[in-house]
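Enquirer: Protein chains in written order, with the working numbering: chain A, -14 to 66; chain B, -14 to 66; chain C, -14 to 66; chain D, -14 to 66; chain E, -14 to 66; chain F, -14 to 66.
Ranges between beta-carbon positions, derived for each pair:
# : chain 1 : residue 1 : chain 2 : residue 2 : range
1 : E       : R31       : D       : A24       : 28 to 34 Å
2 : C       : P(-5)     : D       : G25       : 33 to 39 Å
3 : D       : I26       : A       : A0        : 48 to 54 Å
4 : F       : P22       : D       : K11       : 30 to 36 Å
5 : C       : S(-4)     : D       : A0        : 27 to 33 Å
6 : C       : N60       : D       : Q28       : 35 to 41 Å
7 : E       : A33       : F       : G25       : 16 to 22 Å
8 : E       : R31       : D       : Q29       : 22 to 28 Å
Calculated from the structure, these hints are not laboratory results. Virtual Cβ for every residue (Gly too), placed ideally from N, Cα, C.
There are 6 protein chains.
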Amino acid sequence: MENQEEDYLPSLITATPFEGRQLAIKLARKSIGAIQPDAGIRQQLRAAYASDTAQLIASAQVVAVEFQTIAQANNYWKTKD
Amino acid sequence: MENQEEDYLPSLITATPFEGRQLAIKLARKSIGAIQPDAGIRQQLRAAYASDTAQLIASAQVVAVEFQTIAQANNYWKTKD
Amino acid sequence: MENQEEDYLPSLITATPFEGRQLAIKLARKSIGAIQPDAGIRQQLRAAYASDTAQLIASAQVVAVEFQTIAQANNYWKTKD
Amino acid sequence: MENQEEDYLPSLITATPFEGRQLAIKLARKSIGAIQPDAGIRQQLRAAYASDTAQLIASAQVVAVEFQTIAQANNYWKTKD
Amino acid sequence: MENQEEDYLPSLITATPFEGRQLAIKLARKSIGAIQPDAGIRQQLRAAYASDTAQLIASAQVVAVEFQTIAQANNYWKTKD
Amino acid sequence: MENQEEDYLPSLITATPFEGRQLAIKLARKSIGAIQPDAGIRQQLRAAYASDTAQLIASAQVVAVEFQTIAQANNYWKTKD
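Isolated chain A, as found in the complex (with noise of 0.2 Å):
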C-alpha cells in the first residue's frame, strides 16, 4: 500500500443503493481528510461551508459522480432488484 493511513475502501460493493448514498458522502469526505488531515482544522471548518448553500451544492456535485462510480460498480443493485 501506498502509505500507511487507515485503508477506509476495501471494497465498492455494498448491498443496496442506499448504503451506496452513505458510501458516496463518505468517500467525498475522506478526499477531504486527505487534501486536510488535519481533523482539527476541519471542524473549524465545517461552520464555513456547512451553512453556506453555493459549497453545499458543490459537495452534492461530488457525492454525485461518486455515487454514479459506486452505482455502476455495482450494476445499480438490478440482480438485488
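Given chain A, put chains B, C, D, E and F in place with the hints provided.
Expert: Just chains B, C, D, E and F now, kept in the frame of chain A:
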C-alpha cells in the same frame, strides 16, 4: 446498514423517465440533507439559493449527474418505450 | 407518479441529435423550475444570468451533461445516420 | 422539430478526432446561443470572458464533456486509426 | 476540415497512460487556445491563474475529464500492461 | 514520450480500491504540478486552499472524476472481491 438514517433509496429503478427526474432531484436534496442534517438551518438557507441563479444552475448540474446515473440504471427506459 | 407535476419527459428518445440538444436544454430548464417553482421569480432572475458569462458557461455545462445522457440513450443516433 | 431553430447538429459522427474537438467547441457555443439568443449581447459579452481565466477554464470544462460524448459516439475514431 | 486550424489531435491512442495524461493536458490547453486565440493575451493571463489555487483546481478538473475520455479510448491501456 | 517529465503513471491498475483512491489523489496533484511546475510556488499556495472549504470541495470533485476513471480501468476491483 451504516447508520440509522431513513433508507430513502430502495432502488434506482423507476417506471418512467419523468420519475427518474424526480428521483434525481430527491437524491440531490438528500445529499444536502446528509451534509447539513439540521432541517431548520436548511429551511433558512433556502431563500439564499432559490433566487440565486448561479446556485440554481449549480443545483441543475447536480441533478444532471444524478439523472445520468438513474438513466443508466434504467437502461434509459428503452425497454418500456 | 411521485407528485402531480406535469410529466415533461415521456421519453429520452429523439428523432435527431439536434432534437436531443433541444431536449437537453429543456431538461436543464426543468431542473431550475423544479428547484424554483415560482415562474414570476424565474422570469425576474433571467436578466441576472442571461448576460452573465460565467453563468451562461455554467448553464452550458449542465446542457453538456444532460446531452451526454440523451446521446447515450439514443445510441448516439448511429442507427439513424 | 421542436421549434424553427437552425439544425446545427445533423450528426455526432466526424471524420477525425480533431473535427470532433471542433464540433465540441461548436456545441458549447450553441448552448450559450440557445440560452442567450441575442447575438449582439453575446458579442458584447465576449470581452468579459475571453480574458477571464476562470471563465476560459470553465469553458474548457464544457468542451471536455461535449468532446467525451462525441468521442463515445465515434467509438474514439478507433476504426479509422 | 471545418477551418484551417492546425490538426493537433490525429488520434486519441497513446503508447502509455502517462502519455495519455500529457495529451489530456494538451487538449485542455488547446480548448483555451480555441476560445482565446491570441497567444499574447494568453501569455499575459498565465500569471493570473498559475498562482490562483481555485483556477489550478478547476484546470485539474478539465484534465480529469479529458483524461477519462482518453483512457476509455485506450481501453485503459489494459492490453499493454 | 512527449517531454522528459517523470513518468508517474506506469499503469491505472491498482491492487485495491483504496490504492485506487490514493492514485486518484496523486493524479489530481500531478495535474496541478503540470500546470504550475514551480514546487516553491505550489508550497506557498498550499495554505491558500488547504483551509478554504470551497477549494477543498472542488479538489474532492477532481478526485471523484479521476477515481471514476481508475475504477472503470480496474473493473471496479470486482474480480478481486
